[in-house]
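Undergrad: Same order as they appear, the protein sequences are chains A and B.
For the first sequence, this note's numbering gives the first residue as 30, with consecutive numbering after it.
For the second sequence, this note's numbering gives the first residue as 8, with consecutive numbering after it.
Hints were generated in silico from the structure; no laboratory data involved.
Glycine is no exception: its CB is placed at the ideal position from the N, C-alpha and C atoms.
You may find that some hints are simply not true.
Stated by the list, open to error - Computed list of lysine to aspartate or glutamate pairs in EDC-like fashion (alpha-carbon distance at most 16 angstroms, straight line):
hint: 1; chain 1: A; residue 1: K99; chain 2: A; residue 2: E46
hint: 2; chain 1: A; residue 1: K99; chain 2: A; residue 2: D115
hint: 3; chain 1: A; residue 1: K67; chain 2: B; residue 2: E66
hint: 4; chain 1: A; residue 1: K32; chain 2: A; residue 2: D115
hint: 5; chain 1: A; residue 1: K99; chain 2: A; residue 2: E125
hint: 6; chain 1: A; residue 1: K138; chain 2: B; residue 2: E79
hint: 7; chain 1: A; residue 1: K138; chain 2: A; residue 2: D51
hint: 8; chain 1: A; residue 1: K67; chain 2: A; residue 2: E125
hint: 9; chain 1: A; residue 1: K99; chain 2: A; residue 2: E39
hint: 10; chain 1: A; residue 1: K138; chain 2: B; residue 2: D45
hint: 11; chain 1: A; residue 1: K32; chain 2: B; residue 2: E79
hint: 12; chain 1: B; residue 1: K60; chain 2: B; residue 2: D45
Said to hold, decoys possible - Quick list of simulated restraints, FRET-style, between CB atoms:
hint: 13; chain 1: A; residue 1: S100; chain 2: B; residue 2: T93; range: 38 to 46 angstroms
hint: 14; chain 1: B; residue 1: V59; chain 2: A; residue 2: T34; range: 30 to 38 angstroms
hint: 15; chain 1: A; residue 1: K32; chain 2: B; residue 2: S90; range: 38 to 46 angstroms
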Amino acid sequence: AQKVTQAQTEISVVEKEDVTLDCVYETRDTTYYLFWYKQPPSGELVFLIRRNSFDEQNEISGRYSWNFQKSTSSFNFTITASQVVDSAVYFCALSEGASTGNTPLVFGKGTRLSVIA
Amino acid sequence: DAGITQSPRHKVTETGTPVTLRCHQTENHRYMYWYRQDPGHGLRLIHYSYGVKDTDKGEVSDGYSVSRSKTEDFLLTLESATSSQTSVYFCAIAGGLSSYEQYFGPGTRLTVT
């Protein structure tokens with residue numbers, strides 16, 4: 030069975046600090062996809078990144094970076110030099126691969142990040 | 008942004024009444040999903056569709072039914088609403104083999120009194 034665990038329920042940091050959001054997943058499939066979504070206070074869900082199970086290369090996008098480690102079943106998200114606009118709930122999600130196409134997402138419970146000016 | 012709309016955006020209804028939520032997409036994507044979001048639970052899958060008239064149940068499907076008679080619309084029906092169905096409902100779409108990302112609609116806040 031699939032499972033995603035985000036152990037950090039809430040994190041509070043001061044602006045310009047770096048912060049890492051943890052995500053640990055469980056799956057029996059060898060092909061799967063990992064995602065991060067951002068939900069700002071306005072409520073919409075914003076797609077941030079997708080990672081394939083066969084590509085462990087870390088990714089950087091501006092102040093955002095993601096560290097994918099299959100050995101520890103983790104897909105952690107780091108925000109460098111945090112800003113108030115980063116305040117949101119962040120969700121990690123997992124989708125198992127299927128030869129027929131897309132499969133539903135299994136979400137973690139989310140981490141609420143508050144960045145204080 | 009993916010073209011996904013949900014209607015209504017907010018609804019208050021009484022226990023025992025039927026409610027239908029609509030998800031409409033303009034992307035011609037094959038896959039559509041209904042999730043509910045509740046505090047402490049993240050998002051959980053209710054039902055999903057992998058084509059017109061092709062649907063399947065998710066983790067929390069009890070008390071819900073869905074229909075998809077055309078590619079662009081995916082309807083979620085609460086046959087007899089209960090207070091436990093008070094939630095925020097999100098629709099998502101995905102394009103299939105060439106696009107595994109799911110893009111979400113703006114959500115519908117449903118309150119059952």
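Undergrad: Hinted pair, alpha-carbon criterion (16 angstroms max): K67(A), E125(A). Please report holds or violated.
TA: 21 angstroms, violated
Undergrad: Check the hint pairing K60(B) with D45(B) against an upper bound of 16 angstroms on the C-alpha distance.
TA: 28 angstroms, violated
Undergrad: So if I understand the rule, the pair passes when the alpha-carbon distance is 16 angstroms or less; does K32(A) with E79(B) pass?
TA: 30 angstroms, violated
Undergrad: Within a Cα-Cα threshold of 16 angstroms, do K99(A) and E46(A) meet the stated pairing?
TA: With a Cα-Cα distance of about 27 angstroms, the restraint between K99(A) and E46(A) is violated, given a limit of 16 angstroms.
Undergrad: What's the verdict on K99(A) and D115(A), does the C-alpha distance respect the 16 angstroms limit or exceed it?
TA: 27 angstroms, violated
Undergrad: With a cut-off of 16 angstroms on the C-alpha distance, tell me whether K138(A) and D51(A) pass.
TA: 12 angstroms, holds
Undergrad: Does the beta carbon distance between V59(B) and T34(A) stay inside 30 to 38 angstroms, or does it fall outside?
TA: 36 angstroms, holds
Undergrad: Taking only the CA atoms, is the gap from K138(A) to D45(B) under or equal to 16 angstroms?
TA: 9 angstroms, holds
Undergrad: Holds or violated: K67(A) with E66(B), Cα cutoff 16 angstroms?
TA: Status violated; Cα separation ~22 angstroms.
Undergrad: Kindly confirm whether 38 to 46 angstroms is satisfied by the beta carbon distance between S100(A) and T93(B).
TA: 42 angstroms, holds
Undergrad: Is K99(A) within 16 angstroms of E125(A), Cα to Cα?
TA: Roughly 14 angstroms separates the two Cα atoms, so the pair holds.
Undergrad: Holds or violated: are the alpha carbons of K32(A) and D115(A) at most 16 angstroms from each other?
TA: 26 angstroms, violated
Of the numbered hints stated above, those contradicted by the structure are hints 1, 2, 3, 4, 6, 8, 9, 11, 12 and 15, listed in ascending order.
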